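Since chain G is already given, all that's left is putting chain P with the ligands on it; use the hints.
What follows is the residue order along each chain.
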Amino acid sequence: MNKKTTKLEAKELNAYYGDFHALKNINIAMEEKNVTAFIGPSGCGKSTFLRTFNRMNDYIDGFRTEGDILLDGRDIYAKDVRVDELRKEVGMVFQKPNPFPKSIFENVVYGLRIQGIKKKAVLEEAAEKSLRRSALWEEVKDKMDKSALALSGGQQQRLCIARALAISPSVLLMDEPASALDPLSTAKIEELIYELKNEYTIVIVTHNMQQAGRVSDHTAFFYMGELVEFSKTKTMFTSPQDNRTQNYITGRFG
Amino acid sequence: MRVSEKIIEGLLWLSAVITILITIGIIWVLLSESIAFFSEVSIVRFLTEKEWTPLFADKKFGIMPLVAGTLLTTFIAIAVALPLGLTIAIYLNEYAHARFKQVIKPMLEVLATIPTVVYGFFALTVVTPFLQGFIPGLAGFNALSAGIVMGIMIIPMISSLSEDAISAVPRSLREAAYGMGSTRLQTAFGVMVPAASSGIVVSVILGISRAVGETMIVAIAAGQQPRLTLNPLVPIETITTYIVQVSLGDVPHGSLEYRTIFAAGITLFIFTFALNNISFWIKKKYQEKYD
Ligand SMILES: Nc1ncnc2c1ncn2[C@@H]1O[C@H](COP(=O)(O)OP(=O)(O)OP(=O)(O)O)[C@@H](O)[C@H]1O
Ligand SMILES: [Mg+2]
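For the record, the sequence lines run as chains G and P. Take the first sequence: its position 76, counting from 1, is numbered 76 in the working numbering, and each next residue is one higher. Each number in the working numbering comes from the position in the second sequence (counting from 1) with 254 added on.
Just chain G, with the same shape it has in the complex (with noise of 0.2 Å):
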């Protein structure tokens, strides 16, 4: 057995909108090539949390961190930071598909094209690849100049997947990714997930118990701003050490 390297990691991690204290002193280390599921009832945090790890709260006024977040052991919250360069590093897909209003095919080497790639056998080259990988290829190889609204909404999301993936960043982060898919289309998304997990570190929201049990390695169960509890999968779902937890995940609350 290998040794296992820590990929993301929150230390003494507080954040606030404004007075609103959102993430109480948090301390989480998230191993490399691992599924790690956030749950835990809404507004508890886990969306703030997750965006803290690619910087996407920067833009909401009066959003304030403290504490260090690390990625490679690296904080990305230090001074030299440049928040694009990170986020070709952490990757991210948000709860509702959101591609560009741009064929399926610009859509795909979006990244690359801002990177200054232009040659096209390159960025074909790289379509595929990503709309392979997010198993999307057969379904949109004889319509990548269409555009990508027509997609259904299922394909949209796997299509988002397919963009952030043709930037080969090393973190995936996704934001209730199936939450507004089909039972089809989401069993498609956590398959994806599964197959992922040999290259990316993915770090997955979700309010589904049943798929927070299939897809990932480890569980957080956040409670109102606080990391309540993080352990093997199996292990919280099996025998939770917290009250809060426990009741969380039989359903007595949230």
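Rather than coming from a laboratory, the hints here were simulated on the basis of the structure. You may find that some hints are simply not true.
[As the list claims (entries may be wrong)] Computed cross-link-like contacts, DSS-like style, restricted to lysine-lysine with a CA-CA straight-line distance of at most 30 Å:
1) Lys-197/G - Lys-129/G
2) Lys-143/G - Lys-355/P
3) Lys-146/G - Lys-355/P
4) Lys-11/G - Lys-119/G
5) Lys-79/G - Lys-539/P
6) Lys-197/G - Lys-232/G
7) Lys-96/G - Lys-304/P
8) Lys-537/P - Lys-146/G
Since the structure is predicted, the reported quantities are computational estimates derived from the model, not experimental observations.
Same frame as chain G, now just chain P with the ligands:
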């Protein structure tokens, strides 16, 4: 209760009908006087003669010099207003803090409330002398100053409509762009502006429509000399300024000279009508792009 509602309903109906009647009346006057004009001067002459001198002894009825003057000042105005207005819109949307935005937006709106006669004198007494400092051939009356100042006047129209269009782009698209590692500039020009393009185009068309119809600035600063040219440095005349010139002069009612203003007017009407319809059509066509 029922009665008062009936009365209110009646009043609303009446005001709608009055509006329509007035519009029809205006078009009727415009049409009938123009028809009278075109029975004396053929449309071919109107469109192909290269001079417009209806008030002189040697009468020429070519509308093209006025059209050229109108297009020239409009083009200059848009060339000023579009880049500046769009830059302001992008800045307010992507860069400015919320508080700064709250201050700057009303200040921009002030630009739109300045009377055009003030703009006109600004063009004539400030901008022209200033430009003459480094453009030697610039006449005292010219299309350039009038166009530039007209552009300044139109900036708030373009910036505020474009700003609305950009901020109507779903937040999720902006997040998608940032999430992919786009810089602010890449987000603005690669995603937000294209996604808001229909609204931006509409703002430009309304700006053009405003510029085509603008009268006072051109009347004061551009010289009132019909001339078939695209040279911005010399005096010109636009359709609107010609109409003002004749309306204020002592041309006898019912004469051919008098009717020229209706021919010019209907030309102007066709321009602005077409522009408004194009903008309406664009708005409609692209409205359903996002659910
Ligand atoms: N932009 C904001 N400004 C102020 N408060 C916010 C903002 N976004 C979130 N919050 C607050 O922070 C807390 C955590 O929100 P967050 O979105 O992280 O919850 P969540 O766990 O993702 O919930 P859900 O499961 O409903 O998505 C909530 O109480 C919320 O009201
Ligand atoms: Mg959330």
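TODO: Of all the hints given earlier, name the ones this structure violates by number, lowest first.
DONE: 2, 3, 4, 5, 7
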